[in-house]
Amino acid sequence: MTGAGGLSAPGFPEAAVRERARSGTAAAFPPLSGYGHALLGATPGAPEAGAPYGAPGDLLETGRLVPPVFMPRRLEKLIELGREPQHSDVDLTTDIGGFHAPLPLYVSAFGSTRAAGDGLGTAVGRQAGRLGLPLVIGENVLPVSGYGRPGTASDGAGAASGLLRRIRAYADELPDGAGGVAVQQSTEDADAEVWNLLHSDPHVQPLLASGRLAFELKVGQGAKPGLGGMTLVDAAEADRLADRYRVRDTLGEKGDVLRCSAPGTVTEEILRQQIRFMRSNYPRVRVWVKLFPGRDVDRAAAVAWQAGADAVTVDGAEGGTGWAPHAFLDGVGLPLGECLRRIGPGAHPLLVSGRMWEGGRVARSLALGARAAGLGRAALLAADEDPDRGLIRLTACLELELRLLVSALGKYAVAELAPEDLWPQPAAERRPDPTTREPS
Amino acid sequence: MSQLPPSPRKHLDSPRTRAVLRIQQQIVSAARDHLRALGFVELLPPVIGPATDPGGRGAKQVDVDYYGHRYKLMTSAIMYKQAALLTFDKIFCVAPNVRLEPPETCSTQRHLAEFHQFDVEIAGAGAQDAMGVAEDLVRAAVRTVTEQLPEDLDVLGRDPDAFTDLLARPFDRLSHATAVADLAVLGHEQNPDAEIDWEGEAMLSRKATRPFFVTGYPKGSRGFYDREDPEVPGTLRNFDLLAAEGFGELISGAEREFDHARIVTRMRETGENPGKYQHFLEVAREGIPASAGFGIGIERLTRYVCGLDAVWEATAFPKIPGVVSL
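As they're listed, the protein sequences go chains F and V.
Residues in the first sequence are numbered from 1 upward in steps of one, following my numbering.
Residues in the second sequence are numbered from 1 upward in steps of one, following my numbering.
Don't read these hints as lab results, they were simulated from the structure.
Incorrect hints may have been included.
Far from chain F, by Cβ distances over 10 Å, these chain V residues were calculated [said to hold, decoys possible]:
#1 Gln25
#2 Leu100
#3 Glu147
#4 Ala168
#5 Ser221
Derived Cβ-Cβ restraints for the label pairs, each shown as a range [said to hold, decoys possible]:
#6 F:Gly360 - V:Ala177: 49 to 55 Å
#7 F:Asp95 - V:Val185: 43 to 49 Å
#8 F:Asp386 - V:Val185: 56 to 62 Å
Note that beta-carbon positions come from the ideal geometry of N, C-alpha and C, so glycine has one too.
I would like the entire structure built from these sequences, with the hints used as guidance.
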């Protein structure tokens, strides 16, 4: 390749440098033309590219589930049933952060990317409700898409996909005794009082009364650890949001503007007290905490559990549906397998997300200590394929795989998956301080 | 007594309402006289601002479109009280507050979405000083009602002997930890890290024959402005005054965080975005006086003095959480 001046640089990423020379800051991000359509995350070294995207020895990628020959638990199940057990006998029901779920699965938050707007997020919610899977709703759905209160024409740019309508679409389909909604709030969303708004809304009271409402404190996300949410907005929307968000860094020539949420400052004491404050303020609401895959993720999870969090969600570096700079997608944050290794197995309610779509990765995550796995991009793609049944079919396939895998390991309850089921065995690592939930 | 008010006409035209509002007027008047005699200056309270007390227990604030900016109706005047100490050392106001409490509070008999507070703030004071002022103020208000409005108490069937203990003896003070332990003895499980729940407050209150203070709430149970005890980290230098006879909380107060860096840190610990409070923080960065203060719920104090079943009886135009009314 040669440029205007005729230089070339064999062996050097010349094309990328020239792209930056042409586009400036826009080149730090994936192509703007894909915004709102491309579900980003884990672009580097995707399996089809032939390179591992996990760390060397990442058990979620390289590990294998290995059944034993001798299966005393299968004998126990045989005695219990009076016949040879089958994969259909596996109990997949799980407590997910205080919610009862028929499977060790939940639907992750999608952030405010346009991809989840236009009814797709609502379609996902409706199907998740039918399945009784817990649903997490992103922290900035309210400020970006509005509330969607019934009886009002519009209270935001995308009221049809607004917060309350998404919750109602989900709750209307929810079978008794299953599922629940976790609604995120991060630093700047405190201005919009997302949690207070829901907590005081008569339409949300049935979820509250049945113990199926959680608030998730969003500390960060897998696709851009250490940063806050990012979306592209047009100039008019930028003006609307200007006094609430940092809106700057125009990208490209069309006038799209990068809207950045503040990541929020967290210390051990801030995290501990925020969780206590949530428990004190909302005693009937479950408290979830979402962590980015930081190097001290084990310590942060321990602090959260000790302060009384009902669930800690760890979003691996493979996670993400929204907008993130190349530098973060390619090289920031721990892979999920390493997060699980650092946290270690235990009785804690640990939820994980990042590239979940089939039974093998989910089962390996559970064997490494997770309670449940979150579907993000997979859920959106499935609903995009079929807004009415796509996620239901995807989940059915994943469920069958899980049943086959767990039963093959000679176990008949998903909670019994353990590191012993993996090869190679996870290296013993430092463990966080022993933690117990504080009394409530 | 029904849980909800009758029609506005029936409520406003009731001899009971007339008696209650006369007693309330006496309470307000006595409190003003008492505080002015102590050298306090009354300020007219702010109604809207770019930020207000984030409070606790999940009440929503009311947003106001202020020339395109999001303003709030006051949920309490706390930050304005602290700033006002740059003008006078002792201030008070009779302030309207609006808090969109969760609908479940409509049946507690002690929550209103719109209510009024005596907001008191004292420069250079500690929590003990503020408790002393609060105790004397309540006693002064109750005394003038019992002395000057016995007929109105009679209309309401309120026995003035209910206040014999209040008028004669100092109020007890028990720590939050002791209150939690007392509740455990009563069979009530109370989260030691949290605000005492409504049922717990009512249980403690029912045991008492005069109001009493609960002090030293844990951090994580209150807003960023209650000062953390530098000598006992994790504990706040704050207090509630709970009425006797099961009427529950009348007053919340505290020594205040006044150091800019401490305020910002505490804001984060309570999940707040300091950017929202920039106008207050700009004042605090240049220095505001150390202080202590409190707020008295006027309708709640009226309810206690009158012995009313529900706090809505203590206002002419009740706003019950979640109930649409005049």
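Outcome of the hint check:
1. Once the 10 Å rule is applied to beta carbons, Gln25 of chain V is consistent with being away from chain F; the minimum gap is 31 Å.
2. Not every Cβ of chain F is farther than 10 Å from the Cβ of Leu100 of chain V; the closest lies at roughly 5 Å, contradicting the non-interface assignment.
3. With a minimum CB-CB distance of about 40 Å to chain F, Glu147 of chain V clears the 10 Å threshold, and the non-interface call stands.
4. Separation of Ala168 of chain V from chain F is adequate, the least Cβ-Cβ distance of about 35 Å exceeding the 10 Å criterion.
5. Interface exclusion of Ser221 of chain V from chain F breaks down, the closest Cβ pair being 5 Å apart, not more than 10 Å.
6. A beta carbon spacing of about 51 Å between Gly360 of chain F and Ala177 of chain V agrees with the range 49 to 55 Å that was offered as a hint.
7. About 32 Å separates the C-beta atoms of Asp95 of chain F and Val185 of chain V, a value inconsistent with the hinted range of 43 to 49 Å.
8. Our hint of 56 to 62 Å for Asp386 of chain F and Val185 of chain V holds, since their Cβ atoms are close to 59 Å apart.
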